[in-house]
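**Q** Listed here are the chains, written in short residue letters.
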Amino acid sequence: MENTEEFDVKPLISDGQNKGSVRCALCNSLILNPGMGEYRSEETALPNMRKRKDAECEEEEEPLSDFWFVRNVYTFENVGISKAKEGKKYLTCADCEIGPIGWCTLANDDCYVAIKRVKNIVSS
Amino acid sequence: MAKKSYDFLFKLLIIGDSGVGKTSILFRFSDDAFNTTFISTIGIDFKIKTIELRGKKIKLQIWDTAGQERFHTITTSYYRGAMGILLVYDISDMKSFENVMKWTRNINEHANEDVERMILGNKCDKESERMVTKEMGEQIAREHGIRFMETSAKTNINIEKAFTDLASAILDKTVGREAMDTSTRIDINRKTEERLNRCC
Ligand SMILES: Nc1nc2c(ncn2[C@@H]2O[C@H](COP(=O)(O)OP(=O)(O)OP(=O)(O)O)[C@@H](O)[C@H]2O)c(=O)[nH]1
Ligand SMILES: [Mg+2]
Ligand SMILES: [Zn+2]
Numbered sequence: 001m002e003n004t005e006e007f008d009v010k011p012l013i014s015d016g017q018n019k020g021s022v023r024c025a026l027c028n029s030l031i032l033n034p035g036m037g038e039y040r041s042e043e044t045a046l047p048n049m050r051k052r053k054d055a056e057c058e059e060e061e062e063p064l065s066d067f068w069f070v071r072n073v074y075t076f077e078n079v080g081i082s083k084a085k086e087g088k089k090y091l092t093c094a095d096c097e098i099g100p101i102g103w104c105t106l107a108n109d110d111c112y113v114a115i116k117r118v119k120n121i122v123s124s
Numbered sequence: 001m002a003k004k005s006y007d008f009l010f011k012l013l014i015i016g017d018s019g020v021g022k023t024s025i026l027f028r029f030s031d032d033a034f035n036t037t038f039i040s041t042i043g044i045d046f047k048i049k050t051i052e053l054r055g056k057k058i059k060l061q062i063w064d065t066a067g068q069e070r071f072h073t074i075t076t077s078y079y080r081g082a083m084g085i086l087l088v089y090d091i092s093d094m095k096s097f098e099n100v101m102k103w104t105r106n107i108n109e110h111a112n113e114d115v116e117r118m119i120l121g122n123k124c125d126k127e128s129e130r131m132v133t134k135e136m137g138e139q140i141a142r143e144h145g146i147r148f149m150e151t152s153a154k155t156n157i158n159i160e161k162a163f164t165d166l167a168s169a170i171l172d173k174t175v176g177r178e179a180m181d182t183s184t185r186i187d188i189n190r191k192t193e194e195r196l197n198r199c200c
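Residue numbers (UniProt numbering), protein chains in the order written: chain A, 1 to 124; chain B, 1 to 200.
Source of the hints: derived by calculation from the structure; they are not laboratory data. Note that the structure is predicted; figures quoted are calculated from it, not measured. Worth double-checking, as some hints may not be accurate.
[Claimed, not checked] Chain B is faced by these chain A residues, among others (derived, beta-carbon under 7 angstroms): (1) 45; (2) 47; (3) 74; (4) 75; (5) 77; (6) 85; (7) 92; (8) 95; (9) 96.
[As the list claims (entries may be wrong)] Among the chain B residues that face chain A by a calculated CB cut under 7 angstroms, a handful are: (10) 8; (11) 24; (12) 44; (13) 49; (14) 51; (15) 53; (16) 54; (17) 63; (18) 65; (19) 140.
Beta carbons are placed, not taken as given, at the ideal position from N, Cα and C, and that holds for glycine.
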């Protein structure tokens with residue numbers, strides 16, 4: 001899942017928003033419809049999406065810089081919201097529960113989806 | 001203002017004894033392959049799922065209650081705002097079925113009077129270990145005037161249908177209520193329009 005090579009977000013953005021739909025990279029569950037997220041460039045580290053088996057690496061975090069900003073949780077088509085930890089809640093796929101695919105505030109309003117951790121479907 | 005991306009938002013609660021499969025019902029089973037350490041450690045608060053019913057886009061906000069919680073600790077605050085409740089038992093666990101009565105009483109005591117309820121007999125794939133017959137489930141549901149179906153989170157039987165049927169019942173109720181409110185609503189709409197016209 002951790003993919004260190006640089007990737008270009010420009011083709012994924014149109015009018016500052018997500019051009020295509022956002023789906024789970026693992027199970028393809030629809031997370032966000034086109035145009036429902038705003039591109040935000042911010043430096044935020046999120047815990048790794050490791051499987052339970054690789055528990056040794058559980059504390060590791062990955063720095064991320066490209067996010068879809070979503071104004072509240074009800075804007076998502078399908079999403080899971082974790083319990084709070086240290087002032088943050090984390091976003092998961094609603095179906096397979098892989099995550100964190102992003103984070104949100106305690107009031108469930110401002111959400112940030114890590115663009116690298118989801119599948120961005122842009123048809124040409 | 002941002003455009004609203006749905007027609008209705010329904011809050012649903014899943015309750016029932018520990019181990020009956022409440023969390024599994026909200027999870028697309030798949031060999032436990034993706035269960036990530038971090039998320040499973042902190043736990044999931046709720047999920048948003050979107051369905052379409054009769055041309056309406058409906059967002060379901062689904063709350064899974066924690067295992068250790070017992071009926072006597074689940075009180076009014078827990079049920080606040082819930083429009084639908086899925087009451088789950090395990091067909092291979094008689095105790096969990098017997099407790100359906102207690103859960104029902106708890107709902108009657110604490111939940112909103114007109115909350116839509118549905119009883120689910122889960123793990124119906126475990127036919128060889130079945131302790132609770134389907135008729136017993138139907139019987140208790142009939143006595144309480146509650147919808148009922150058997151489900152399997154593991155083999156994905158009736159899971160979608162449980163959510164759709166419950167949402168559909170809530171939709172019927174909501175739309176019925178809206179129709180009654182139409183007269184007042186038109187008034188409000190008109191006022192809003194006037195205000196909008198003025199400011200633009
Ligand atoms: N065979 C079978 N097993 C199931 C089914 N649903 C859940 N299970 C299993 O039953 C066990 C308990 O499931 P959970 O979903 O954790 O139960 P729960 O109701 O959330 O339990 P608590 O969180 O403790 O209240 C797990 O091992 C599941 O894999 C099903 O439909 N069929
Ligand atoms: Mg559970
Ligand atoms: Zn998924």
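**Q** Are residue 65 of chain B and chain A close enough, Cβ to Cβ, to be under 7 angstroms, as the hint says?
**A** With a closest approach of 13 angstroms, the residue 65 of chain B hint is violated.
**Q** Hint validation: residue 47 of chain A versus chain B, beta carbon distance must be below 7 angstroms. Holds or violated?
**A** 4 angstroms, holds
**Q** So, residue 74 of chain A near chain B? Judge it on the closest CB pair being under 7 angstroms.
**A** Holds: closest Cβ of chain B sits about 6 angstroms from residue 74 of chain A, inside 7 angstroms.
**Q** Take the shortest C-beta to C-beta distance between residue 24 of chain B and chain A; is it under 7 angstroms?
**A** 11 angstroms, violated
**Q** With a cut-off of 7 angstroms, does the beta carbon of residue 53 of chain B approach a beta carbon of chain A closely enough for the hint to hold?
**A** 15 angstroms, violated
**Q** Identify whether the interface hint at residue 51 of chain B stands, where standing means a beta carbon of chain A within less than 7 angstroms of its own.
**A** 10 angstroms, violated
**Q** Tell me if the interface restraint on residue 75 of chain A is satisfied: Cβ within less than 7 angstroms of some Cβ in chain B.
**A** 6 angstroms, holds
**Q** Taking the closest Cβ pair, is residue 95 of chain A under 7 angstroms from chain B?
**A** Holds, about 4 angstroms.
**Q** Taking 7 angstroms as the limit, does the beta-carbon of residue 54 of chain B come near enough to a beta-carbon in chain A?
**A** Hint violated; residue 54 of chain B Cβ to chain A Cβ min 18 angstroms, cut 7 angstroms.
**Q** Hint residue 44 of chain B vs chain A: min CB-CB distance below 7 angstroms?
**A** 5 angstroms, holds
**Q** Does the closest beta carbon of chain B sit nearer than 7 angstroms to the beta carbon of residue 85 of chain A?
**A** 5 angstroms, holds
**Q** Per the CB criterion, is residue 45 of chain A less than 7 angstroms away from chain B?
**A** 12 angstroms, violated
Checked against the numbered hints given earlier, this structure breaks hints 1, 10, 11, 14, 15, 16, 17, 18, 19; the rest are met.
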